Amino acid sequence: MDDDSRAVDRYRAGEEEAFEELVMKYQRKIYAFVYRITGDAEESKDLTQRTFINALGAVRDFKGSSLFKTWLYQIAMNACRNHLTRERRNDIEIEDSLVRDEAGVLVSMVEKEKRKMVKKALEGLPERQRLSIILRVYEGLSCTETAGVMGCTEGAVKASYHHGVKRLKEMLAEQGYEIA
Amino acid sequence: MRSHDDIRQMFPDLLDGRLAGPEADEVKEHAQQCAECRDELALLTGLRGIEVPDPGNIFWNTLPKKVLAAGVRPAARRRRIVSWWSFLGPLPAAAAVAALVLLVSRPVEKTQQPYQEALFSDPLAVAMMDYSLLTDKDIPLIDAEIAPEELAGVSEDMVEEGYHRELVSLNYAEVELLDEALQDEQQKGG
Ligand SMILES: [Zn+2]
Numbered sequence: 006m007d008d009d010s011r012a013v014d015r016y017r018a019g020e021e022e023a024f025e026e027l028v029m030k031y032q033r034k035i036y037a038f039v040y041r042i043t044g045d046a047e048e049s050k051d052l053t054q055r056t057f058i059n060a061l062g063a064v065r066d067f068k069g070s071s072l073f074k075t076w077l078y079q080i081a082m083n084a085c086r087n088h089l090t091r092e093r094r095n096d097i098e099i100e101d102s103l104v105r106d107e108a109g110v111l112v113s114m115v116e117k118e119k120r121k122m123v124k125k126a127l128e129g130l131p132e133r134q135r136l137s138i139i140l141r142v143y144e145g146l147s148c149t150e151t152a153g154v155m156g157c158t159e160g161a162v163k164a165s166y167h168h169g170v171k172r173l174k175e176m177l178a179e180q181g182y183e184i185a
Numbered sequence: 337m338r339s340h341d342d343i344r345q346m347f348p349d350l351l352d353g354r355l356a357g358p359e360a361d362e363v364k365e366h367a368q369q370c371a372e373c374r375d376e377l378a379l380l381t382g383l384r385g386i387e388v389p390d391p392g393n394i395f396w397n398t399l400p401k402k403v404l405a406a407g408v409r410p411a412a413r414r415r416r417i418v419s420w421w422s423f424l425g426p427l428p429a430a431a432a433v434a435a436l437v438l439l440v441s442r443p444v445e446k447t448q449q450p451y452q453e454a455l456f457s458d459p460l461a462v463a464m465m466d467y468s469l470l471t472d473k474d475i476p477l478i479d480a481e482i483a484p485e486e487l488a489g490v491s492e493d494m495v496e497e498g499y500h501r502e503l504v505s506l507n508y509a510e511v512e513l514l515d516e517a518l519q520d521e522q523q524k525g526g
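Protein chains in written order, with the numbering used here: chain A, 6 to 185; chain B, 337 to 526.
Derived by calculation from the structure, the hints in this document are not laboratory data. Given the structure is predicted, the values throughout are model-derived calculations rather than measurements. Ideal placement from N, C-alpha and C gives every residue a C-beta, glycine not left out. Check before you lean on any hint, since a few could be wrong.
Coverage of chain A stretches by chain B, computed from C-beta distances (three or more under 8 Å per stretch; other residues unrestricted) [what the hints assert, rightly or not]:
1) 32-38
2) 49-60
3) 120-131
4) 140-150
5) 159-169
6) 172-181
Take these sequences, add in the hints, and give me the full structure.
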């Protein structure tokens with residue numbers, strides 16, 4: 006049994022601190038994941054909180070057979086569902102989130118432009134391709150874990166990822182982005 | 337030898353440093369010879385360059401508590417609001433007043449001290465109390481009940497003027513008045 010499953014058991018036995026430990030362990034990862042999906046810092050705070058509240062509400066149904074981390078990403082992804090569907094209809098929102106300098110980090114204009122381009126291209130991908138790239142590239146999930154989160158087969162993850170990266174390259178090439 | 341497609345699937349692991357030495361070498365060697373993989377690796381590196389803003393420590397430090405406060409609690413352990421004072425039992429007012437009279441009748445030098453040390457034996461001082469029966473469950477969770485402005489006032493009182501310092505500054509007549517008031521209160525039942 007891994008640490009996370011043990012913490013879940015402790016929480017179920019009445020030890021609230023055990024769930025707090027899980028929140029502390031994963032809050033930054035979940036926030037980053039949600040931010041990469043939404044591109045909105047404020048909304049990401051709400052969605053992160055909602056993810057953990059939903060997880061807390063459903064923790065009794067958590068089966069030790071799946072990884073807690075995978076299960077949590079799944080809940081986060083569902084919390085972002087509304088955003089994902091809304092965004093497809095509303096491209097203005099994406100534009101708006103792009104003009105801000107999110108991290109406030111001093112980067113050269115060229116670098117900044119490039120990041121904007123990449124970010125925009127990523128946001129322009131179909132949902133499944135985007136999710137597979139975010140989960141694999143940013144969250145460091147394996148194909149098996151990603152399949153667990155997305156509720157599909159490993160083969161489907163590989164295909165989505167492959168097509169996503171390919172599409173990303175094409176989109177960036179169209180905009181004259183130099184990869185290397 | 338892994339295929340081009342297998343190698344591509346390993347890029348995320350390579351970037352996260354999750355590949356073992358020989359595996360990492362194989363992926364890197366392939367990428368050096370394969371233009372498509374080289375581009376892809378550069379693209380993924382670029383993707384990872386998108387920064388995530390930091391919502392700040394207040395957000396991180398309060399989120400775990402907020403989640404638990406908003407979520408469903410295990411039935412075994414519900415939030416309890418317990419007063420500290422209920423554990424002390426009734427404190428005889430007369431004894432308290434006697435202690436007060438004792439302390440003000442003693443000559444108290446009003447020299448400025450950097451920190452008001454124990455001028456008298458305070459019956460409510462932390463060192464005098466037996467906390468052995470208290471568990472952390474008994475400590476009331478007051479954060480949600482107290483408005484921020486109230487909390488500011490409380491901490492100011494605690495830090496700036498301890499109640500015993502105020503009492504020390506009373507003259508004899510004032511202490512008698514206080515004594516009367518306390519006895520009166522005890523008879524009428526506050
Ligand atoms: Zn290749």
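> Do at least three Cβ atoms from the stretch 140-150 of chain A come closer than 8 Å to Cβ atoms of chain B?
Replying inline: holds (count 6)
>> Closer than 8 Å Cβ to Cβ for three or more residues is the test here. Does the stretch 120-131 of chain A pass it with chain B?
In response: Coverage by chain B holds here, the residue count being 4 at a Cβ distance below 8 Å.
> Under a C-beta cut-off of less than 8 Å, do 3 or more residues of the stretch 159-169 of chain A approach chain B closely enough to confirm the stated coverage?
Replying inline: n = 3 at 8 Å, threshold three: holds.
>> Please check whether the stretch 32-38 of chain A has three or more residues whose CB lies within less than 8 Å of a CB on chain B.
In response: It holds: at least three residues are needed, and the stretch 32-38 of chain A offers 4 whose Cβ sits within less than 8 Å of chain B.
>> Under 8 Å between beta-carbons, do enough residues of the stretch 172-181 of chain A, three at least, approach chain B for the coverage claim to hold?
In response: holds (count 3)
> Taking a Cβ-Cβ distance under 8 Å as contact, does the stretch 49-60 of chain A have three or more residues in contact with chain B?
Replying inline: holds (count 6)
Consistency note: the structure conflicts with none of the earlier hints.
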